[in-house]
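All chains, full assembly: derive it from the sequences and hints.
Heads up: the sequence lines are chains A and B, in that order.
In terms of the working numbering, the first sequence opens at residue 10 and continues consecutively.
In terms of the working numbering, the second sequence opens at residue 10 and continues consecutively.
Derived by calculation from the structure, the hints in this document are not laboratory data.
Incorrect hints may have been included.
[Claimed, not checked] Restricting the straight-line Cα-Cα distance to at most 25 Å, the calculated cross-link-like pairs of lysine-lysine (DSS-like) are: (1) A/LYS179 with B/LYS131; (2) A/LYS131 with B/LYS143; (3) A/LYS143 with B/LYS324; (4) A/LYS75 with A/LYS143; (5) A/LYS143 with B/LYS143; (6) B/LYS143 with B/LYS179; (7) A/LYS75 with B/LYS143; (8) B/LYS206 with B/LYS316; (9) A/LYS206 with B/LYS131; (10) A/LYS143 with B/LYS75; (11) B/LYS324 with B/LYS206; (12) B/LYS131 with A/LYS131; (13) A/LYS75 with B/LYS131; (14) B/LYS179 with A/LYS131; (15) B/LYS75 with A/LYS131.
[Stated by the list, open to error] What the simulated footprint calls covered on chain B by chain A, stretch by stretch (three residues with Cβ under 8 Å from a Cβ of chain A suffice, anywhere in the stretch; the number is not a length): (16) 115–124; (17) 196–202.
In this text, all values refer to a predicted model and were calculated from it rather than measured experimentally.
Quick reminder that beta carbons are idealized off the backbone N, C-alpha and C, glycines included.
2 protein chains.
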Amino acid sequence: MSAVTFSTSIQDQLQFIDQRIRQQAGDEHHPDLGSALDHLLSAGGKRIRPTLGLLVGNMLGAPEEKLITLGASVELLHTATLVHDDLIDGALLRRGMPTLNARWSPAATVLTGDFLFARAAKLAAETDYLPLMKLFSETLATIVNGELTQMFSARGVIDRNNYYNRIYAKTASLFEMASLAATMVATEDEEVRASMKAFGYEVGMAFQIVDDILDFTGELSTVGKPIGSDMLNGLVTLPAIYYAEANPNNEDILSLPSGGWKDTNRVQRLVDAVRQSEAIQNAMEEAREAVSRALIALEDAPASPEKEALENLAKYIVNRNV
Amino acid sequence: MSAVTFSTSIQDQLQFIDQRIRQQAGDEHHPDLGSALDHLLSAGGKRIRPTLGLLVGNMLGAPEEKLITLGASVELLHTATLVHDDLIDGALLRRGMPTLNARWSPAATVLTGDFLFARAAKLAAETDYLPLMKLFSETLATIVNGELTQMFSARGVIDRNNYYNRIYAKTASLFEMASLAATMVATEDEEVRASMKAFGYEVGMAFQIVDDILDFTGELSTVGKPIGSDMLNGLVTLPAIYYAEANPNNEDILSLPSGGWKDTNRVQRLVDAVRQSEAIQNAMEEAREAVSRALIALEDAPASPEKEALENLAKYIVNRNV
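If you want it as C-alpha cells, here you go:
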C-alpha cells in the first residue's frame with residue numbers, strides 16, 4: 010500500500026489489530042494453532058479491510074477499542090474464508106507463499122478455518138452491539154452462499170450478472186461490512202450508514218475487478234498465482250466477458266461453456282487475446298466507475314485527513330500494478 | 010426417544026424448530042443446499058439438544074419464539090460440526106445413513122458446513138440478546154478447539170483428563186449451551202442459570218460416556234457405525250481407560266501409544282476383552298453419577314411436567330440400548 014500514506018496512528022491501530030488477532034490462538038490452545046496464525050498473518054495481505062474500517066471509523070469518531078475489535082474480526086473472517094477457499098481450490102500458493110493446505114492435512118485446514126470463524130464471531134460479539142452480530146452473520150452467509158453457488162454452477166459460463174453476484178459475495182460483501190460496521194459503532198444516522206456502506210461496496214467491487222484484470226495482465230511474482238488461473242478453473246471474469254461480447258463468434262470463447270476452459274493451450278491463447286484486446290481497458294474503466302461512485306458516496310463525509318486517506322485508498326485500488 | 014413421553018406442545022415446538030431449520034436453505038440459495046439440509050434432517054438424530062432447550066425454557070417460562078430460534082441454532086451448530094467431522098474422519102456412515110461426505114465432494118461438504126455455521130450464527134443473533142451471541146461463539150470455539158487438540162494429539166494415549174476435556178468439547182459443551190441459553194432467555198437469576206448450566210453439562214457428559222460405551226457394546230444397526238471405531242481411530246475412551254487401569258500390563262494396552270490401535274486384530278481382541286471386563290459397568294456407573302449430579306442441579310427447579318420430563322430425559326441417557 011505504498012501509494013497511500015497513513016498517519017502513525019493508523020499504523021499503530023493496525024498493529025493493535027495484528028496483536029488482537031495473534032491473541033486469538035490463546036494459551037489454552039494447541040501451539041500448532043499459534044504457528045498457523047503466525048503463518049497466515051505473515052503471509053501478509055494488505056490488511057486493506059481493517060485499514061478501510063479504521064479510516065472510516067476514525068473519520069466518524071468511533072471508539073478506537075471497538076474499531077480494533079472489529080478490524081480483527083473482519084480480518085479473521087476474511088482469513089477463515091481464504092483458508093477454506095484454498096482447501097476447496099486445492100491451491101498451493103497464495104500471495105506467492107505456500108498455503109496452509111500445502112503444509113497441513115485437509116482435516117487440519119478445515120478445522121483451522123472453523124476455529125478462525127469461531128474467533129471472528131467471538132470478536133464481533135465483543136463489540137457488544139447486536140446489529141453488528143447480525144451484520145457479521147449475514148456477511149458470513151453471503152460469502153459462503155456465494156461459494157456454494159459457484160461450486161454448483163456450470164463452469165465456463167459467460168454471464169455478467171453471475172459475475173457481479175459472485176464478486177459481491179466473494180469480496181465486496183466484506184469490504185461493505187468493514188465500512189458499515191465501523192460506521193455503526195460511530196453513528197446511528199441512517200444516511201451516513203447508507204453512504205459508508207455504499208463506499209465499502211463500490212471499493213470492494215473495484216478491488217475484485219482489478220484483481221480479475223491482474224489475473225490476465227499480472228506477473229506471478231506480484232499476483233502470487235499463475236496467470237489465467239480463473240479461466241483454468243472455469244471462471245469467466247470481467248475482461249473475458251468484455252472480450253466475449255466483442256468477439257461472440259471467437260472459437261475459443263464459444264468453446265468455454267462446453268469445457269474449453271479445461272484445455273490449457275486454448276486458455277493460454279484466449280488469455281493472450283484478451284490481454285491484447287480492449288477488454289482490459291474496458292474492465293478497468295468499469296473499476297474506475299465504481300471508484301467514482303465510491304468517491305461520490307464519500308462526498309458528504311466531514312473533511313479530515315481520514316477522508317483524504319479514504320479517497321486515496323479508493324483511487325489506489327485502480328492504480329495497483331496492472 | 011421412546012422412553013420419554015413429551016406433551017404435544019413439545020412435539021409441536023420440535024416441528025417448528027425443524028421448519029425453522031429447513032427455512033434456512035432459503036429461496037435465493039442453490040437448490041442443492043435445500044436437499045442437503047433435507048438429507049441432514051432426515052438422517053434424524055434424536056433432536057436431544059433442542060428437546061433439552063425446549064424443556065428447560067418451557068419450565069422456566071421463556072418466550073416460545075426465542076426457544077424455537079435457539080433450538081434451531083443449536084441443532085444447526087451441531088449439524089455443522091457433524092458435517093465437518095464426517096469430512097475429517099472420512100466417515101461414510103453416520104446413524105446408519107450415508108454422510109454428506111459420501112455423496113458430495115469434500116469441497117461441497119466444507120462449504121455446506123460453513124453455511125450451516127453461518128445460519129446458526131444468524132439464528133443466534135435473531136434472539137436479540139448479546140450474551141447469547143457470546144455463548145454461541147464461545148461454544149463454537151470450544152468445539153473446534155477440542156477437535157484441533159484431538160487432531161494434534163498423539164493417538165492411542167490413555168489419559169483420563171484428556172478424555173474428559175475431549176468429551177466436554179465434543180458433546181457436553183453444546184448440551185450445556187442448549188440448557189444455559191434456554192435459561193438465559195427466561196431469567197437473569199444467576200443461581201438458576203448456574204444450576205441449569207450444570208444440568209446441561211452433566212447430561213452431556215453422561216450422554217457421551219454412554220455413546221463411548223456403545224462403541225464397545227452396541228450393534229452396528231443401532232449405533233450406526235462399526236464397533237470399536239473409536240479405538241481404530243486411536244481414541245481411547247472411558248471403558249478402555251478403566252480396562253487399562255485394571256490391566257496396566259496387558260500387552261494390547263501397552264501397545265496402544267506406540268501404534269497398536271492401527272492393528273485391527275489387536276483392537277478386536279481388546280474390544281472383546283473390554284466388553285467382558287468390569288470396565289463397561291465402571292464406565293456406566295460414572296455416567297450414572299453424572300446423571301445424579303444433573304438431577305441434583307435440577308432439584309430447586311419449580312415442580313412441573315417439564316421438570317419431570319427433564320428428569321426422565323436425564324435418566325433415559327443411561328438407559329439407552331446398551
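- Are the Cα positions of B/LYS143 and B/LYS179 separated by 25 Å at most? holds, 18 Å
- Take the C-alpha atoms of B/LYS131 and A/LYS131, compute the straight-line distance between them, and say whether it is at most 25 Å. holds, 13 Å
- Query: If you draw a straight line from the CA of A/LYS179 to the CA of B/LYS131, is it 25 Å or shorter?
  - Reply: Holds, at roughly 19 Å.
- 25 Å limit on alpha-carbon distance, applied to hinted pair A/LYS131 and B/LYS143: Cα-Cα ~6 Å, so holds.
- Query: With a Cβ-Cβ cutoff of 8 Å, does the segment 115–124 of chain B contain at least three residues near chain A?
  - Reply: Per the Cβ count (9), the hint holds.
- Task: Starting from A/LYS143, check that the Cα of B/LYS75 is at most 25 Å away, please.
- Result: holds, 16 Å
- For the pair we were handed, A/LYS75 and B/LYS131, check the Cα-Cα distance against 25 Å. holds, 21 Å
- When you check the alpha-carbon spacing of B/LYS324 and B/LYS206, does it fall within 25 Å? holds, 17 Å
- Message: Check the hint pairing A/LYS75 with B/LYS143 against an upper bound of 25 Å on the C-alpha distance.
- Response: Cα-Cα ~16 Å, so holds.
- Assess, step by step, whether the Cα of A/LYS75 is no farther than 25 Å from the Cα of A/LYS143, and give holds or violated. Since the Cα atoms of A/LYS75 and A/LYS143 sit roughly 16 Å apart, the hinted pair holds (cutoff 25 Å).
- When you check the alpha-carbon spacing of A/LYS206 and B/LYS131, does it fall within 25 Å? holds, 20 Å
- Is it true that the CA of A/LYS143 sits at most 25 Å from the CA of B/LYS143? Judged against 25 Å, a Cα distance of about 13 Å means the pair holds.
The structure fails to meet hints 3, 17 from the earlier list, while all remaining hints are met.
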